[in-house]
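Trainee: Here the sequence shown stands for residues 6 to 240, where the numbers follow my numbering.
You may find that some hints are simply not true.
[Unchecked claim] Mimicking DMTMM-like on lysine to aspartate or glutamate, the simulated pairs with C-alpha atoms at most 25 Å apart in a straight line are: (1) Lys186 / Asp106; (2) Lys160 / Asp106; (3) Lys200 / Glu216; (4) Lys186 / Glu216; (5) Lys54 / Asp168; (6) Lys160 / Asp190; (7) Lys200 / Asp170; (8) Lys200 / Asp190; (9) Lys200 / Asp151; (10) Lys160 / Glu216; (11) Lys200 / Asp168; (12) Lys54 / Asp80; (13) Lys186 / Asp151.
Source of the hints: derived by calculation from the structure; they are not laboratory data.
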Amino acid sequence: MAPSTRLGVALVVAGMALLSGAGKAQQEGDLPPETLAQSIPRFAFQVQKGGPALVFTHSGTGAEHDPRILISSRDGWRLIQLPENFHNLSWVYAGRGVTSDEVWAGAQVGGEIPAPNLELLSSANGGRAWRYRGSLQKVSRYAVVDYLAINPSGKGTLVLRLDADPSPNAPRLGYYLYMTKNGRDWSQPFFSGSKPSPPSDVLAPPARTFEANQQPLTPDAWQRLFTDLLPASGG
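Hey, can you work out the whole structure from these sequences and the hints?
Mentor: Rendered as structure tokens:
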């Protein structure tokens, strides 16, 4: 089995095994206090049309950390731990479908100098189970995700934006479009000097975005965040 296949299976199993287990509601958003104390939020989505609320976090230190996902369910919040392959990766993108259950996320190795590759994950059921979509080599390690438009069949466009690149042979500043027909294999980038108009299936940004250097939240701050993400009747 190829490494990417093994990783994809591990992601799905990790998410489904965790969410299928019975869990008793606990304090502070139904997660152990030590879990929240070790978690720093990056992106957060509210409950949407029956889909769960999501919080993309990382746990650990700057030198040793792991990206994680907190997901709401009917009996409380749950933690999705990603496979060891994602150790020391940091979340740099998350988007969710407006009319579908698609959720996509991007992570890369952190540090002062950005990584050249973007690791992509997706969920077809609102974030309950995840699938590894492979690694995308960016046109520049300094390029960032501007937007992603994709439909449930996997056809879509990823747009990276390059605002600056101190490299001697840096590519032109502007926008770079990557096309896919299956959500895994991407075309070579097409350059655009201006931002392309997002299509109708563009993924919506998070409800909350935290700075990359966000400090840990206090228990009260976590509770306020969970309250904001869950309406009175949500879960």
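Trainee: Could you run down the list of hints and mark each one as holding or not?
Mentor: Each hint, compared with the structure:
no.: 1; hint: Lys186 / Asp106; result: holds, 18 Å
no.: 2; hint: Lys160 / Asp106; result: holds, 15 Å
no.: 3; hint: Lys200 / Glu216; result: holds, 24 Å
no.: 4; hint: Lys186 / Glu216; result: violated, 32 Å
no.: 5; hint: Lys54 / Asp168; result: violated, 36 Å
no.: 6; hint: Lys160 / Asp190; result: holds, 10 Å
no.: 7; hint: Lys200 / Asp170; result: holds, 18 Å
no.: 8; hint: Lys200 / Asp190; result: holds, 23 Å
no.: 9; hint: Lys200 / Asp151; result: holds, 9 Å
no.: 10; hint: Lys160 / Glu216; result: violated, 30 Å
no.: 11; hint: Lys200 / Asp168; result: holds, 12 Å
no.: 12; hint: Lys54 / Asp80; result: holds, 18 Å
no.: 13; hint: Lys186 / Asp151; result: holds, 19 Å
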